[in-house]
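Enquirer: What follows is each chain in one-letter form.
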Amino acid sequence: MRTLAQLSWVELKLFMREPLTVVFSLALPLIMLFVLCGVFGNEPSGPGEEIVYRGIGPTTYYIPAYVALVIASVCVISIPIHLAGNREQGVLKRFHASSVTAPVVAGAEIVVAFVLSVASALTLLIAASLAYDFDAPASVPAVVGVFVFLTIGFAALGILLGAVLPTARAAQAVGMVLWFVMLMLGGAGAPPEVLTGGMQAVSDVTPLSHAVQVIQDVWLGFDAGLSWAIFAVILTLSSILGLRFFRWE
Amino acid sequence: MPSVVVVDRFEKRYGSSIAVEDVSFSVEEGEIFGILGPNGAGKTTTVECLQGLRKADGGKLRVLGYDPDHEATQLRRRIGSQLQESALPDRIKVWEALRLFSSLVPGGPDWKTVMEQWDLTDKRAATFGSLSGGQQQRLFVALALVNDPELVFLDEMTTGLDPSSRRIAWGLIRQIRDGGTTVVLVTHFMEEAENLCDRVAVIKKGRIAAIDTPDGLIRRYADNAEVTFSTDQADLAFLHRVEGVAGVKREGRRISVTGQGAVLAHVAAALVARGLAPFDLQMRRANLEDVFLSITNGGK
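Heads up: the sequence lines are chains F and C, in that order.
First residue of the first sequence? That's 1 in the working numbering, and the numbers climb one at a time after it.
First residue of the second sequence? That's 1 in the working numbering, and the numbers climb one at a time after it.
Some hints here could point you the wrong way.
Okay, derived cross-link-like pairs now, DSSO-like style, lysine-lysine, Cα gap no bigger than 30 angstroms in a straight line [to be verified]:
#1 C:K60 / C:K249
#2 C:K55 / C:K249
#3 C:K112 / C:K123
#4 C:K204 / F:K13
#5 F:K13 / C:K112
#6 C:K205 / C:K112
Hints listed in this document are in silico derivations from the structure and should not be mistaken for laboratory results.
My request is simple: use the sequences and hints to build the entire structure.
Expert: This is how it looks when you write it as structure tokens:
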């Protein structure tokens, strides 16, 4: 535990010294949120109109979605670059020789991802509450629970990418592509209802689309759907494969 | 006193290629044991298996009584290592690294003491990336010793350092040993091995080519000395009958005598006996580099 706490603390400081991380996890989701909410307002689809945004106002829709996006940004961009970079430089090998275990390395990544996600989500919510009226969560403890669930799931995915991708450059490329696809099609960009059939199919395989559904379900009081099970499967598979393919060098 | 490291018919393969084969040696408490060899000879493979970072494919390994294949976690708490091609994150600060690594092993010395001891206190808030090569090495040594190990592995610690930083690193290595820690030093610098090591194993193509003290190796593999002096004396035929002399060459006033063993003493005695006492009588002995070349070029 002492090692996990120490490593998490050092890793957190190292993350904060990495400008790309700070920009992606704090600034970009914030900018996206203001653009989309500014453009689409918060009028739900009227009677007789085609239903978009799950039948709720765009701003109401986007705020929980962007909380999920913040978690995804931290986890699929920062974690893989960081892990693969540490392996490339020989940092992981150095840790290994000093009896650090793989679960401790993974655990520290999860702790760091959680702290950064909380910080980014709070920044996002405070900024949004100054600009917009939006619905507070139906149940705050339930949303906090889901937040932890989503963080562990995305962090496991990030750790898996960091484990399989050989270099920091490869991790950056793959993480970015995944992130942009999720951003455009995963429910945090265009509303899912207006996607074409092909786009919808891609959207369905992005973890973010399910994460958005899950957090909106508890935030806005929708009935829980299949997305919960799918995200749980993503979490479990990523954890198993991530530890299975973890390499020190 | 049992040996600190015992290697018995150790073997390691990568796929179908044999990296190390039939390697046996032991390291005794308190010595600096050198592992020498050309690039790709299997030096790093051997020490990484001893630290439990790779698994051996055959033979027996014991380090501080532990089997590194199965007891790596317990073992690593009691050894220190400086690995080849390993580093720290560029942005980590000196004190953060020391505190982190000291937290890995409970009950070690205070990291602040280690920082003081290795003269890093002035650099405590500097990031790893901003340190000079010599300072980085000093930090690595401090990190390797932060758990108060009984044995440290130093793998090509001085590669990439300029000559003056290298001398400083040698001082650090001696300081480690003087503190009572056994040192296993992997190097391809002969001068380094000759200066530091009590005993040396030379590895060639995955096998041990020789193990001895540096002096012992020189006597055995490169026992050639060259004695030179200047004289106007024309007849030097008597030198051929002097014990240990193999050849005499003359170039103007300059005489060069090659031979083995205590050739200098015998030549000097013979010269003095004939009333000759050249001022510039001197000898160049073979060094470990000659041994290394003789062994690795397929000598005896």
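Enquirer: State for each hint whether it applies.
Expert: Here's how the hints hold up against the structure:
no.	hint	in the structure
1	C:K60 / C:K249	52 angstroms, violated
2	C:K55 / C:K249	55 angstroms, violated
3	C:K112 / C:K123	12 angstroms, holds
4	C:K204 / F:K13	45 angstroms, violated
5	F:K13 / C:K112	20 angstroms, holds
6	C:K205 / C:K112	43 angstroms, violated
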